[in-house]
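Protein chains in written order, with our numbering: chain F, 100 to 214; chain Y, 95 to 208.
Please keep in mind that the hints were generated in silico from the structure rather than gathered at the bench. Idealized CB from N, CA, C, for every residue including glycine. Incorrect hints may appear among the rest.
Only some residues are given here: those of chain Y computed to face chain F with a beta carbon under 7 Å [what the hints assert, rightly or not]: (1) M135; (2) L137; (3) G157; (4) Y158; (5) F199; (6) S201.
Just some of the chain F residues that point at chain Y, by a computed CB distance under 7 Å [said to hold, decoys possible]: (7) V110; (8) G142; (9) F204.
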Amino acid sequence: AQSVTQLDSQVPVFEEAPVELRCNYSSSVSVYLFWYVQYPNQGLQLLLKYLSGSTLVKGINGFEAEFNKSQTSFHLRKPSVHISDTAEYFCAVSVSNFGNEKLTFGTGTRLTIIP
Amino acid sequence: NAGVTQTPKFRVLKTGQSMTLLCAQDMNHEYMYWYRQDPGMGLRLIHYSVGEGTTAKGEVPDGYNVSRLKKQNFLLGLESAAPSQTSVYFCASSYWVASNYGYTFGSGTRLTVV
Numbered sequence: 100a101q102s103v104t105q106l107d108s109q110v111p112v113f114e115e116a117p118v119e120l121r122c123n124y125s126s127s128v129s130v131y132l133f134w135y136v137q138y139p140n141q142g143l144q145l146l147l148k149y150l151s152g153s154t155l156v157k158g159i160n161g162f163e164a165e166f167n168k169s170q171t172s173f174h175l176r177k178p179s180v181h182i183s184d185t186a187e188y189f190c191a192v193s194v195s196n197f198g199n200e201k202l203t204f205g206t207g208t209r210l211t212i213i214p
Numbered sequence: 095n096a097g098v099t100q101t102p103k104f105r106v107l108k109t110g111q112s113m114t115l116l117c118a119q120d121m122n123h124e125y126m127y128w129y130r131q132d133p134g135m136g137l138r139l140i141h142y143s144v145g146e147g148t149t150a151k152g153e154v155p156d157g158y159n160v161s162r163l164k165k166q167n168f169l170l171g172l173e174s175a176a177p178s179q180t181s182v183y184f185c186a187s188s189y190w191v192a193s194n195y196g197y198t199f200g201s202g203t204r205l206t207v208v
């Protein structure tokens, strides 16, 4: 079975500074990888996903992530954060068995932007 | 608008009461899922369905039952609610179309058991 580890439960960052949210996964087979954002009292919004192809994936709101198969990582980055990026971020993985597999989530990273 | 609709959005139950959460999707997706979200634990899979008439257990199925009598609906039932079931519940469906794969989530149901 696959699993996801988000080592940082909270990350405080000054406004306009860069940020990296770490995600490592464990799986014995090929995977699909996702990052979701959840703003306070809201549902989940897809930031980006890796299915195949280029290992650098660009998403919404200026975020990007890089799939590193050898290190089993899918870290999320943004070069300059804004107050509006304050939210909880979830990394998730599913096995790439022709799709339609259950999604396994990490425990989340709460990103706080300091003015 | 197409998507996943969850009802109700909020509910307060007394311990021992029962209730059903409804998830409806109009995208003709085969696979549907129920997750619960608790602080510091991310989202955990309760039950899922790979098609009409089928259901399977996820990571945390105890205390819940589900049914998928119609392809578009996935019901989550609590027979005897407990305070430990206080949580935010999310329904989702997944799709695989022309090498594009993803999930559509509902907006959530906030359940409090007192």
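Verification of the hints:
Below 7 Å, beta-carbon pairs count as interface contacts, and M135 of chain Y has one with chain F at about 6 Å; its hint therefore holds. A least Cβ separation of about 4 Å between L137 of chain Y and chain F falls short of the 7 Å threshold, and the interface hint therefore holds. Interface restraint check for G157 of chain Y: the shortest CB-CB distance to chain F comes to about 19 Å, outside 7 Å, so the restraint is violated. A cut of 7 Å between beta carbons decides the hint on Y158 of chain Y: the least distance to chain F is about 15 Å, and the hint is violated.
The beta carbon of F199 of chain Y is positioned within 7 Å of a beta carbon in chain F (closest approach about 5 Å), and the interface hint is therefore held. A hinted interface residue such as S201 of chain Y counts as satisfied when its beta carbon comes closer than 7 Å to some beta carbon of chain F; here the least separation is about 4 Å, so the hint holds. Of the supplied interface hints, the one on V110 of chain F is violated, with its beta-carbon coming no nearer than about 15 Å to a beta-carbon of chain Y, more than 7 Å. Hint status for G142 of chain F relative to chain Y: holds, with the closest Cβ pair at about 4 Å, below 7 Å.
Interface restraint check: F204 of chain F against chain Y, minimum CB-CB distance 4 Å, threshold 7 Å, status holds.
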